Every structure is written in structure tokens, then in C-alpha cells.
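Protein chains: 4
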Amino acid sequence: MARSRIGIWLIGAHGGVATTTILGLTALRRGLVGDQGLVTQLPQFADIGLANWKNFVVGGHEIRKTTLHEEALKLANESRAIDERLVSKCKNDLNKIDKEVKPGVLFNVGETITGLASSHNRRRKETPRQAIERVQDDLASFRKRNKLDRVIVVNLASTEPPVTGDVPHKWRDLNKLLDKPRRCPLAASSLYAIAALDLECPYVNFTPSLGSAPAAIQELALERSVCHMGHDGKTGETLMKSVLAPMLAYRNLEVMSWVGHNIFGNMDGKVLDDPSNKETKVVSKDRLLGQILGYDPQTHVSIEYIESLGDWKTAWDHIHFRGFLGTPMVLQFIWQGCDSLLAAPLVLDLIRFADRAARNGDVGLMTFLASFFKSPIGIGEHDFARQFQLLEEWVANL
Amino acid sequence: MARSRIGIWLIGAHGGVATTTILGLTALRRGLVGDQGLVTQLPQFADIGLANWKNFVVGGHEIRKTTLHEEALKLANESRAIDERLVSKCKNDLNKIDKEVKPGVLFNVGETITGLASSHNRRRKETPRQAIERVQDDLASFRKRNKLDRVIVVNLASTEPPVTGDVPHKWRDLNKLLDKPRRCPLAASSLYAIAALDLECPYVNFTPSLGSAPAAIQELALERSVCHMGHDGKTGETLMKSVLAPMLAYRNLEVMSWVGHNIFGNMDGKVLDDPSNKETKVVSKDRLLGQILGYDPQTHVSIEYIESLGDWKTAWDHIHFRGFLGTPMVLQFIWQGCDSLLAAPLVLDLIRFADRAARNGDVGLMTFLASFFKSPIGIGEHDFARQFQLLEEWVANL
Amino acid sequence: MARSRIGIWLIGAHGGVATTTILGLTALRRGLVGDQGLVTQLPQFADIGLANWKNFVVGGHEIRKTTLHEEALKLANESRAIDERLVSKCKNDLNKIDKEVKPGVLFNVGETITGLASSHNRRRKETPRQAIERVQDDLASFRKRNKLDRVIVVNLASTEPPVTGDVPHKWRDLNKLLDKPRRCPLAASSLYAIAALDLECPYVNFTPSLGSAPAAIQELALERSVCHMGHDGKTGETLMKSVLAPMLAYRNLEVMSWVGHNIFGNMDGKVLDDPSNKETKVVSKDRLLGQILGYDPQTHVSIEYIESLGDWKTAWDHIHFRGFLGTPMVLQFIWQGCDSLLAAPLVLDLIRFADRAARNGDVGLMTFLASFFKSPIGIGEHDFARQFQLLEEWVANL
Amino acid sequence: MARSRIGIWLIGAHGGVATTTILGLTALRRGLVGDQGLVTQLPQFADIGLANWKNFVVGGHEIRKTTLHEEALKLANESRAIDERLVSKCKNDLNKIDKEVKPGVLFNVGETITGLASSHNRRRKETPRQAIERVQDDLASFRKRNKLDRVIVVNLASTEPPVTGDVPHKWRDLNKLLDKPRRCPLAASSLYAIAALDLECPYVNFTPSLGSAPAAIQELALERSVCHMGHDGKTGETLMKSVLAPMLAYRNLEVMSWVGHNIFGNMDGKVLDDPSNKETKVVSKDRLLGQILGYDPQTHVSIEYIESLGDWKTAWDHIHFRGFLGTPMVLQFIWQGCDSLLAAPLVLDLIRFADRAARNGDVGLMTFLASFFKSPIGIGEHDFARQFQLLEEWVANL
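Protein chains in written order, with this note's numbering: chain A, 170 to 567; chain B, 170 to 567; chain C, 170 to 567; chain D, 170 to 567.
Please note: incorrect hints may appear among the correct ones.
Heads up, the list lumps identical chains together, so a pair's fine if it works in one copy or across two of them.
Dumping the calculated DSSO-like pairs for lysine-lysine here, alpha-carbon to alpha-carbon at most 27 angstroms [to be verified]:
| # | residue 1 | residue 2 |
| --- | --- | --- |
| 1 | K349 | K439 |
| 2 | K271 | K243 |
| 3 | K271 | K294 |
| 4 | K260 | K223 |
| 5 | K258 | K243 |
| 6 | K243 | K260 |
Simulated from the structure, these hints should not be mistaken for laboratory data.
From a predicted model like this one, the values you see are computed outputs, not experimental measurements.
Bound-form chain A, shown alone (with noise of 0.2 angstroms):
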């Protein structure tokens, strides 16, 4: 492992998730941080060749103009997620990987993230194809340029709304589409999971846009024996989720209603504050309650951006359930997170495993990563207890 390098390629490398991910790998190669918050430094999985902090290269890509040390005092200074004597550090190794950001696909992404873009990206006219095959010279550059073994490519862009019309279920059918702007029923983040596994490279959608999931992509990951998996990092109020319905499933306590309030301010926020952003958000974070109980409570999840909050997302969730001789009791929980700096080390985990897991020859949907996703491809195992179960399997039969 020592020697091998291992790029990173972030898409959405300027929002606040990309910008604190960067951040970290950059203070933890400097040894300035903790271990908090990375599941792959937990002592289970200390002996399994994960790759180490200073084998990794990163670079992305962005549709807005803007720096990463920029996001970072943000982060700082507006959310005070971050110490900004961390940002000051870091700041020189921050400039440096701002010259590997290229510019984003803005394709089928809505009104709402094409109107955060610059002007430069939004003026570019491009098919389908056009935008892979840009995309890929820019991964092929990256790699070339920094002598790197392997590419993980990690979607962290802003969710797009969902697209109309029907994936074709045939990786032959979906790539003739690739000329047809109009009848491509597909947005930005399912072009750049083709145009990461064409070239091999491993691909990570930790958004609840569409990426990979698409039959027909699945297929492509098979035929190029490269491995994936998805979808929308599983950080708080989700989470919480995934604990506490099988905790009243397995005491047969009859969830009764469910109802989840979220609040918070940063540039995600904004963007699922356009309704048809939101929606593919909110199916993503109320699905699982449904399959771990075996029935449906009513549920309600709202989405709000305040924009006082910042990074800071609170979620109150207020959950009606049933007792023994059918008596209504109440269990409310408020989390009070920084949504970056839970989804960040995620991401870093996800690379390594997913790095791990190139090495081990793993091909198609990383399943075994379940634990990590509001709405795990492949899998319908929601209860996080034997998510992280698949995991520690995963690993003992290295």
C-alpha cells in the first residue's frame, strides 16, 4: 500500500460536504485532527490494508466559481462548524487542489442548481455523450498527471429533481439515447457514474440523485468489472432512523405516526427548498420506516431551509407509538449535527472501503456498504445494526 496512489475525484468539490472532506484528508495527513467521526478507524478494521491518508490525490468537479479555502472559513466563520485555525493551516494544501477542480455537467440538474452555476458553465452547450466524454478526459488527465493506480469518483453534488421518462433497462438502449438530448431521461450524476465506470473507475453516489442505480448502468459496472454503489449518505435524523424502528419493531410497539422536521441553512438546504429537488430527498429519507416495521405508520417528513442554521441541521422527530393494552406514548428526539462534518468522513470512508474492495476484485454494487446509505442499492436491509453486520462480514472474509 505504501507506494500506490489513489485519486479522489469529487463531484461537487466546492460544496460544503467536498470542502470539509478535503479539509479533513488534508488535517488528518497533517496529524492535526482526531479520529471522530471515521468508521474506518474504528479497531475492527485496523489489519485490512485500508489505504493510508497520504496515498490519496484529489481533484472534481464544480459548476460554481468559487475556492476551496473560501468554502472552508464559511464553514468557519458563518456555520462555526469548523476551527478556523484548522482552515488557516490547511489553507496552502486548499489552493493547490483548487487546480485540479474542473468545470461540472450541468445536464437535466433544474432550474434551481443551473442558476447557482457561473455564467461560463451555464453558456456551455453539450449532448449527453458530449459531457461523459469531456468528463472522462478530465478523470483520464487527473490520473495521468498524478501517476495514479486508481480513480474513486464520489458524487456530492446538490440533488437534482427527479428526471421523467423511463431508463431504458439495457445498457445497449440507455447508450443510443446518449446523442438524443431531449429523450435522455437521465441528469448530471448518472453521466458522470457512466462516464467513471467506463473508464473503471469505482463509483460513489452519496446523493439521492439517480447516479448508478439505473439498470442499464448497473450493467455497464458488470461488463467493466468495476464496483459501485449508492445512494444519499445516511448522516442524522436518518440514521437515528435505522436504530430506533427496529428497537420498536423488535418490542412490538405499534409505530402509530412519524413524523420528522428538518431545518438547516447551507447550500443543500437551499437547493431541496426548490420543491422538485425536495421531493427526491424526502422519498429517500421516509422509505426505509415502512421496510423495517413490516407495516406503514403514518409518516411526514418536511424539509426547511432556515437560513440562520447554516451547516447546523436540527431534526425534530416526534414518533407515536402504541403500548401494551394498546396505550399511545410519545418518543422525541432533536439532533442538532453539522451536516458536512457527518457526511465528510463518510466519504472518506466510503473511498477507502471502496478501494479496498477494487483491490479485492469486488465487481458491481458494494452492498456490504449498506450502512452507509439512507437507500442502499441492491439490498433491502435497513435496520443499521445488521447493515454494519454485512460490513464486519465483508471484511472477515478478506
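Fit chains B, C and D to the known structure of chain A by using the hints.
Here is chains B, C and D on its own, set in the frame of chain A:
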């Protein structure tokens, strides 16, 4: 199973938990209520030959002068925890069961509990051995009178203060002390345990009192080839801890402090208002955190008697943890549950599992029941999900 | 006072609030309950000659087909909001009052409310003027049949959607539109108001519907020398806002955002689940903040129908404010109150105060009742403490 | 006003509140921060001739060995309560003020506080009278050295344990005990009060310690024609109580129980972890409820030192109240505020008001400042809204 008759012997038979257990059993037998709160009614336990509600006959010990109906009415009208119409429908059954309730043991139960006892009970003078023999007479005549195949004893009495003095490790040595009230380092819960186990009756300790935990009493259980388990039913706040602490641990989120405030107003709360009784309980509620997390965060557990709450146990927990880059975050939960209604179905579950284990020839500690206890004896696993898997594995091996 | 007879005429007579009001009045008359929740029973109002509970006779309008007893049982058994034994004791009285309930008006109440009405009610066709005349016939015959000195009309019906079209400022102009259903920019609540005021019956609008708010209807009240007030009873979350916002203002703590999520499952909740009805309510719950603070923080109010909660309105408010040196801080509250039980005593209070004001010769808006309303008409004061002082000053001047 | 120079003398000058007060004053003077949290910056106090920030010169007493800059950095970096950049900008000013800080008095402050003192301070032996004279020397030389028109003394030191023994009611009698350390029933806070008042310096006691409360010391103030006030600044949980309790009272909602749990981790919390110091505080936080409500509900106040929270005081209050028809309901609030940042602006406000009162010739207790205190001396009004009106009335009469 259809024709077997199983005795349930409840210590603290007129307390909130026992009253609810008995009312619930009656209501289940009459088809008046659903399965909520009953673990044994989950689909995975449907085909393992558990006893039916109709198989059970109920008796018990009690130190106060009251009736089941009166206590059930309190839960309905003072605590608003149970539907009064249900109590009315079960009144006759409750009155019949009252006849099987005998005077309890007050040995070393502390001033607060003794103060609750009827004067008749308080006047009785007996050595530990005499108390055991009296209990055994009650159990034997209950078994004979009702033609029972088996009697299962469950301790539901108020929490005893810790007894000073070391309990001898050998049954032979402990046995000798039973004739010496001053030197006997046991309290009533252990005398009941000895009485039951010696008669080959399975014993379950649902309270934080010592019960059958001492090695010498465990030895007696093995000698008599009988099964037992304890202690302290895991119903609310601690249940939450046993799913949230693993969640934080698996995500490598560092718990800096965990504060839990519990307020309630039932008889249990009144007894726990005595600092000596409370001590036993707080230790039981607090110990699992260090064992799950692998380190000891600052913790604080308070239990306060707030009369107006009646049986409604309200817990506020404030968990202060450190995420990525050392950023402090907060998780809070508020649990508003009816204590007796959370406990009672677990009591029925434990009885059914203990009965099934006895038929299976299980001897000694039933560690597969760990998920039911705050401080399961003989097993260090506190992660609720893993505890539940132990139960499923036991079932798979039947 | 002893011999005077006062009629209470409740619009929405079988709704949760009216049912509780009537049940409560009955229980108070029979000495079955205490004074909790009744402002008029505070010592400072003991000597101002308020009507006794025995002075009142009850009737009303309703659009659904049900009975008071049935509705009271729902509050007792489904919502667990009222003691069922109380309902039993008052059953006969409730049944008698049912006979004084007449069919209500459905003019412009929107689809959701119309959908709740009995088919008999839905079939009736009438112009606004015909509806007013029918209501006046009901009021007059109620007064005559019961030999009443005065009838006070209170609107407790579900929230209407906003009516489009401007209401003419002059009574003369509005009066002309009453014969033109298509052009009449009023809904039922205002027709009831006109009917009542025209008959010199004091009118109180406890809902956010328009009621007597239009200038033209206020003019009618002055012409008839009768008093009235509205609107939207201040019972829970908004009451909290009206004491917390002044606290923050007096301390110069800058509110950056105030988020309020309300969930409940009664009939009112069902009607508010219709976005057009909800709009009226949300505005009423939100407007006071800017008026108290002197600036407009970001606010968000949600109201969601969660069936399992029944009458238990639960509100979570998250107040994000900036203290000294710009440091952001958080105040959250969770309100778990029974909506009907919070509203009903205020209805009785308003009736008693309106009756007293009428005897005092008060004419026009009773602004001294501002503390009872989310959006008091004719007065800009929203600070609860100052509103309450207006009431005390009115009393002092009697 | 422009040319007058006013001394601020802070007892406990390096504590969290004093450090924040001084940092804030410096920042205000430099125009670096806004007005949040400052009552005196409200429009209603704009034209009453309050002193400007530039009028003030700061000094004080302290028992520990530390610096303002060091303490300010702790608030910035450990508690994340203040922006570190602000501390940097004010560093030079803080260092200058350090030179005006003199060794404090340890008379009867209890073991915990004494344990915090520098060894040099602990070694000093002095009678109460000697301590007073030393304090007076410090005050006089501060006044002279800085050419001050007036010095206002504010007690911000840690809460003292209650002193045993009755304080004589007459100043003459108390005066005699000042030479007898063993018999003197005062602690440091009262010695400072005597020193200040005797020199005609207004004295404000922002802590729950005894300070100038004894009748004999009040007599001294009158003799010297100087104003003073106390005690215990009302910053968070108690402030909430003083608006919520009146709300419940005016609505005749019967409070059955009120439980308040407070957790925090600053120096104040460490001192309050000593039960003898805590006693003084709990009484102060609890007493107002009975006075506002007119009856005594069951109450419970806990204060726990949770180190990880630093200056972030978190309070959970659970209010159990009975509404109409006796129905129990629940209001809970969670207050997450920075203790020092809530207190510091009030300290500046009190100084400005006390200075203005002194210029106005006010003598004795400044009861118009009741709204600033948990236990205002000489006045029974605890309703925050009414207390605030007292302040407005005082202003109107200037």
C-alpha cells in the same frame, strides 16, 4: 401445550407492573386487547411452542394491603395510563386472583419499603430460613391447589437498597447464614430466589435488586437443574441507550457526556426517592455506556419522584458528542412512556420464554434473554441489536 | 344577575371546541370540575358581576350529523383528553342541548368543509340573505322559546378558505351584495356575524375566518349599538409566542429565525390539511412576531394533520437568536396540549366578558379582549402581558 | 456626559462573565460588534443620557492567577462561545486592563472557591475589617489614578455557600463584628458591598451571594446616600420562568409540577458542583414560582457540572399543568445559551442604569432594576413583563 398448566408467581403482586401484567393477561385471554408490546407475539416466535395465555394461573406475594382492582383503577384514573373500561371488564378476574396473593417478605428491604407494608406484615418476625420456608409453602400449595405443571417466579417488587457485607461464593457457606438474620448479607429478593430455585421453579428478577445474582445462588440453580435470569427489566431510557450508544460507537462519534434525567410519580418512583434504594438503580442504568463505547464518558443519571406524573415516566437525555474535526454536536431525546405498560408485556414474554426454556431442559442463566435486562447477568453484551440476535439464535437452536 | 337568562349560540356546535365548551359548562353547573383554564375564575374578576354558570342556555348551528354525546365520547376514548366518567354523568344534559342545534350555513366554506356536511345540509340552496334570515329565525326562536335576556353568538366552526374579491367598506354597499351569491365576497362566518349583530346579539369570532372583521360589518355593529370581537382564539403555540417574543425583545436578543411545527389529528386538523383553509390559519399564527419584535425574522409555520394525535396538539418551536457579541443561541419548546380543552374555557370566558360588556353598554370592538386572540381586531398590541393589562384596566373602569 | 469618566470595578474580574463584559465593552468601543443582548440599547432608553462606552474605565478584584486574554481564548476555543478573531483584535486592550486587577478577598467563601485561589492569595490573613480597608484602598487609588467621577462596583464572583449565624439588623451592631473573624456572619460579597457603599460607590450584586442584602448594609447605603441592588442576574432558565409562570397564571392553568434541569461546564458550574454553594443558587432559581402562581407546585431544580459543555448552559424544563376539566398537559423547553454572553450585557446595562440613577440622586435599593434579577431585593414582583414596566416607569420619571 394445550393442556399444560403453568403457574405465574409474582413478587410485588399488587405493584404497578404486576397489576398491569395480570390485567393484560386477563385481557389477552378474553381477546380484549392487541399484541402491542409483546415480543413473544412477533412472527419469528410464532412456531416455537410458547404457552398460550390460557395456560397460565396467577398468584403472588405482596406486602401492602390493597387489591388488584383498586390498583388498576389508579393506573386508569390517576395516571390515565389504561382505559378504565378495560379495568371494568376484567374486574371479576382480578378479584379472583387477589385470593392467590400471600403476605410478602420484608427482610432487609430498607425503611422506605418497610414503611409501605401493612402493619400485619411488619409485625412478623422470621429468620431468612423461615421466610424461605414460608415462601416455599405458598408456592407448593399454589402448585398443588391449581394442579400446575410448573411455577415461574418473577420478582417485581420495589428496588431494595444494597445490602452490606460480602455474599459467600459457595452455596454451602451461604446456606449456613440463613439462620443468622444479623449476618445474612441478603435481602428479600434473594430469599425469594432461593425459595423458588430450591423448589425447581424458574426465577426471573425484573428489578435491580440482587435476586439470584450471587454465585452461591447460581450454584444452587445448577444443582437443582433449573433456569433463571436477571436483572432489571430494560424498558425505556436504558433501552434507548442500548441502541443509541452502539450507533455512536459504530460511527466513531466520541461521546463526551451523557446526561439522563428521569422523572415519574408511581410507587417505584417513591421508593427510588430514598437515596439508598436509588443507588442500586442508577448504577444499573449507567453501567452499559462504558461497556458499549469502550471508554467512559462523563455521565449523570438522575431519578426524581414527581408525583403529578403518576406512571408516566419522562426521561430527557442530553448526549454531547464530538464528530469529525472534533466538532461538538448534540443529540437529545425525550421519552414519555408508561412505566408499567412498558414493563408488563416483557414480564409475560419472560415467563413464556422461561417456561419454554424449562421444557427445553435449559439450566442456569438464560443469557439469551439479555435484551430484556439493563444488567443481564452472566453476559457482557449490551448492544440491543446483538442481544436480540442471541434470542433469535436460541430460537433457531430449539 | 341571579334571575337573568343568557343564551349561548355556538356555530359549529358539535365540533371539538363546542362539545368541550358545552360539556364543561354542564360539569361546572353540576360542580363536577374545578376552575382550571377559566380566566374569569381568577380572583381579580370575582367581583365584577359576571354571569353564573346557571344563567346560561345553549343552542347552536352545525353542518354535520352527529350528537354532542358521541363527540364527547371521541374526546374521551380516542383522544384520551377527557375523563369518560365525566361524559357519562353529563349525558342527559348533552342530549337535551342537541335539540337546540339547527342546520348551519355552507356558503363559501370551501370543498373540504362542505364535504363534512350531511347530505341534507349540502342540498340546501340559498342566497347569502336567505341564509342570514334563516339564522336570524333560529336565533329569534331560541331567544323566545327560552325567554332569554340576551343571546351571545360565538363562531367555533372550521377555518374557511380566504374569499376572493374585496369587501366593500360601507355596510350599504355590502348589504346589496347579499342577494348576489356569485358576487358576494363573504363566507358563512360573516353571514353569521351579520345575522347576529343585526339582531343586536354580541358576536365573538374564535376562528381565523373573516367573521365580523370587515369594516362594513363593524359599521353595522355600531349602528345596532352592539359589541363584538375576534379573531382566532390564542390557545397554545401562539400564546407562547406572545410571551416569548416580548421577552426576547426586552432583552434585545435578535431573533434570526423562528420555526414552528404543529401536528394534531382532530377535525380542525383535517380541515387545515386543505391548503386553502390552512393559509388563513398560518398567517394568523405568524403575524404577531414582526409586530412584537419590530423587525421580521425568517419564520416558518407548518400545520400537519397527524391522525393518531387526535385532539393532542403538539407544537415544536425552534427559536434561533443572536446574543451579545453576535453569538447564536437556541431556545426550543414543545407544547403538548389538548386543543379543545385549551379553547373551551376561553369560549366561556369570552361569553361572560361579552355579556358583561353588553350590560355595560359597550359598543363595537371589545379590544380589551385582545389577550384571547391570535389576531385581535382593531388593536396592534400582541404582547400577552400588555394585552392582559388591557383587560384589567377595563375591569377597573367598570 | 461626554467628558465624565466612570469606573467599573468588577469582583471576579477574570471569571467568564467579567471577561466577556470587558471584552464586549472593548469591542463596543471599537465598533466591532452590534447591540444584541444590551437592554440599554433599546430605543426606549436612547434619550435618557446613559453613559457612552467610551466613558468607562475598568478594574477589579480576582483571586485566581490568570489573564483576561487567556480566559477570553478559553471562551473562544473551548466553549466556542466567542469568535476568536474578536479576541485577537482586543488583545492589547485586555492586557492593559489586567494591570488594574488586584487580589480579591477569600473571607468565608468556602473550600471550593478557596481551592481555586492562587497560593499567594490563600496565604493572606486578614480580619473582615482589614479586608474592607484593603478593598477601599484599591477602589480609592483606582479612582484617583484614573481621575474618575464615580466608581460602580459589580459582584461577579462565584456563588458563596450560605454563612451560618444571623446578621444583626443594625449597621452599628454589624460594624462591631467586622473585627471578629470567627463571629462575623458575612462572606466576601458583603465585605465588598460594605467597602463600596461606605465609599459612596454604587454596588450591584449579580450573584446569588448575600452581598448588600442584609438590613444593616442597606442601612449603611442609606446613610451614605448611595444606591445599590441585587441579587442574582436573571439570564436564562429563570428568565423563562418569569414569563411562562405569569402566562400560566393569567390563563388559570394549574401548575402541578415544574422540573428544571441545568447542565453546564464553566467555572461557575464547577463551584456549584459543591453542594454548599449550590444550595444558595437553587433557592434563588426556585423561589419565584410560588410568588407568581400564588401557590406552591412541586418543584425540582438541579444544576450539574458537565465539563464538555463549557459555557453552554443547557436547561430542560418540564412543566406539568392541568387545564380545563382537570386534563393534564405538558410544556417543555430546552434553553441552549452561553451563560457568560447572556450575563455580560446585563452587567453593562446595570452599570449604565446605576450610573444614571446615581446622577439622578437615587438612594438605596434600585428596585426599578427588578427585571435583571432572579431574586430582586426589596420588591416582590417576579413577573418579567411587570418588572420591565417598572424600569420604563423609572425612565419616564427621570
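Earlier hints that do not hold, by number: 1
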